[in-house]
Amino acid sequence: AQTVTQSQPEMSVQEAETVTLSCTYDTSESNYYLFWYKQPPSRQMILVIRQEAYKQQNATENRFSVNFQKAAKSFSLKISDSQLGDTAMYFCAFTSGTYKYIFGTGTRLKVLA
Amino acid sequence: EAGVAQSPRYKIIEKRQSVAFWCNPISGHATLYWYQQILGQGPKLLIQFQNNGVVDDSQLPKDRFSAERLKGVDSTLKIQPAKLEDSAVYLCASSLTGHYQETQYFGPGTRLLVL
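Protein chains in written order, with my numbering: chain A, 1 to 113; chain B, 1001 to 1115.
Honestly, the hints are just simulated from the structure, not real lab data. Positions of the beta carbon are idealized from the N, C-alpha and C atoms, including for glycine. Some clues are possibly wrong.
[Stated by the list, open to error] Derived, one-sided and incomplete: chain B residues facing chain A with beta-carbon distance under 10 angstroms:
(1) G1003
(2) V1004
(3) L1045
(4) T1097
(5) Q1101
(6) T1103
(7) Y1105
[Said to hold, decoys possible] List of simulated lysine-lysine pairs, PhoX-like, C-alpha gap at most 25 angstroms:
(8) B:K1062 x A:K100
(9) B:K1078 x B:K1044
(10) A:K73 x B:K1044
(11) A:K73 x A:K100
(12) A:K55 x A:K100
(13) A:K100 x B:K1071
(14) A:K100 x B:K1078
(15) B:K1044 x B:K1011
(16) B:K1015 x A:K100
Isolated chain B (complex conformation) (with noise of 0.2 angstroms):
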């Protein structure tokens, strides 16, 4: 069974400028969510989507980041514009149903540095 792809696996960009990242979930999980890892912290949740609805965006910078997860597979994130403090690594996973006591399958990650 395939994982959960994410590309690219690093990105560097200046601030201000606009960053997507993509991200391929296991095939048949209705659930994918999107993680924010600053180095020396715990992943922090973005945002949840259930299919192709948002379910939870409380902790997305909506002045900056966008989601979206069009048909219900792939999902891009986006930057815009770029601050030094978005530097993380964000990582993509997905679960089979999206109940809280499921497991989550996570992707590699994309490193992003902001110079």
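With the rest of the complex left out, here is chain A (with noise of 0.2 angstroms):
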């Protein structure tokens, strides 16, 4: 079964500072997608990022950036100049075209001023 853990349940960092948050994946699939998403308190889940397991490169937008070994099956995310908006919930999700969003449990990220 192809599973996705986010070990870290809660994180803080000062503004402006920099943090990673980790995602582990199993699966046997060759080709997927792995997506960060972002769920701000009460409002609706946005996309933060997107990987095709085929690109070696990793994907950046803006702040926000991922480190994906796919060999040991991690994708983390880095936000740096951390602001205040970026206070969420986040989660990580894997999908492919056998298997559907699976998301992880999610990390909740605090920005202190």
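Put the two chains together into one complex, using the hints given.
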């Protein structure tokens, strides 16, 4: 079975600093996508960043970047220059042609002023 | 562009009662998803529609949950009868074609409390 594990239930970071959220997954699929979604308090979930398994280059979106280690089945999210608006639950998700979206349990990130 | 709309936002019911949730996806999106998000857990896919047909309902508890997407636009999710363990946030999402690489756009969710 495909699984997604987020081992950090809660994290905090000072404003303007950098934080890394961890995600590991287990799959026998050869092609798949990995996502990080952000769910701010009382607001809807939105996509942060996406990575295709076949692409070796790590995805980046402004202050957000990933460290994709395919052999280790690791997909961490780095947030640089953290802002108060980054406070949210962050979910790692896996999807493939066979398996629909499978989400991790989430990491609650709090950015401190 | 209007986002995914859901109603109601909150619902409190007694166990064994029935409840229905409504979702209106982004205009033009062929694929609609219903997720159950229990407190402390990630969203779990309940059912996926492609237009008005069901693509995947393998995790839908069919003895009490039902869903429909008439005319391939709006969708309703019903629980009858509700159990205490159904307390959760029910999220609706949509995507353009349903390809697994696509971004899903989520609604604000309906928070259900079963007493």
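Results for each hint:
1. Annotation: interface hint on B:G1003 holds; nearest CB of chain A at approximately 7 angstroms, less than 10 angstroms.
2. The interface hint given for B:V1004 holds, since its Cβ lies 7 angstroms from the closest Cβ of chain A, which is under the 10 angstroms cut-off.
3. For B:L1045, the interface hint holds, since its Cβ comes within 10 angstroms of a Cβ in chain A; the closest pair sits about 5 angstroms apart.
4. Restraint check, B:T1097 versus chain A: the minimum CB separation of about 13 angstroms is more than 10 angstroms; hint violated.
5. With a least beta-carbon distance of about 5 angstroms to chain A, the hint placing B:Q1101 at the interface is held under the 10 angstroms criterion.
6. Taken as an interface hint, B:T1103 checks out: its beta carbon lies about 5 angstroms from the nearest beta carbon of chain A, inside 10 angstroms.
7. Hint status for B:Y1105 relative to chain A: holds, with the closest Cβ pair at about 8 angstroms, below 10 angstroms.
8. With a CA separation close to 19 angstroms, the supplied pair B:K1062 and A:K100 stays within the 25 angstroms bound.
9. As the CA atoms of B:K1078 and B:K1044 are separated by approximately 16 angstroms, the hinted pair is consistent with the 25 angstroms bound.
10. This hinted pair checks out: A:K73 and B:K1044 have alpha carbons roughly 21 angstroms apart, not beyond 25 angstroms.
11. With a C-alpha separation of about 18 angstroms, the suggested pairing of A:K73 with A:K100 holds against the 25 angstroms cut-off.
12. Among the hinted pairs, A:K55 with A:K100 is consistent with the structure: their alpha-carbon atoms are about 20 angstroms apart, no more than 25 angstroms.
13. Pair hint A:K100 plus B:K1071 holds up; C-alpha atoms about 24 angstroms apart against a cutoff of 25 angstroms.
14. Restraint check for A:K100 and B:K1078: satisfied, since their Cα atoms lie roughly 22 angstroms apart, inside the 25 angstroms limit.
15. With a CA separation close to 20 angstroms, the supplied pair B:K1044 and B:K1011 stays within the 25 angstroms bound.
16. Our distance criterion of 25 angstroms between C-alpha atoms is broken by B:K1015 and A:K100, whose separation comes to about 30 angstroms.
The structure is inconsistent with the numbered hints 4, 16, although it conforms to all the rest.
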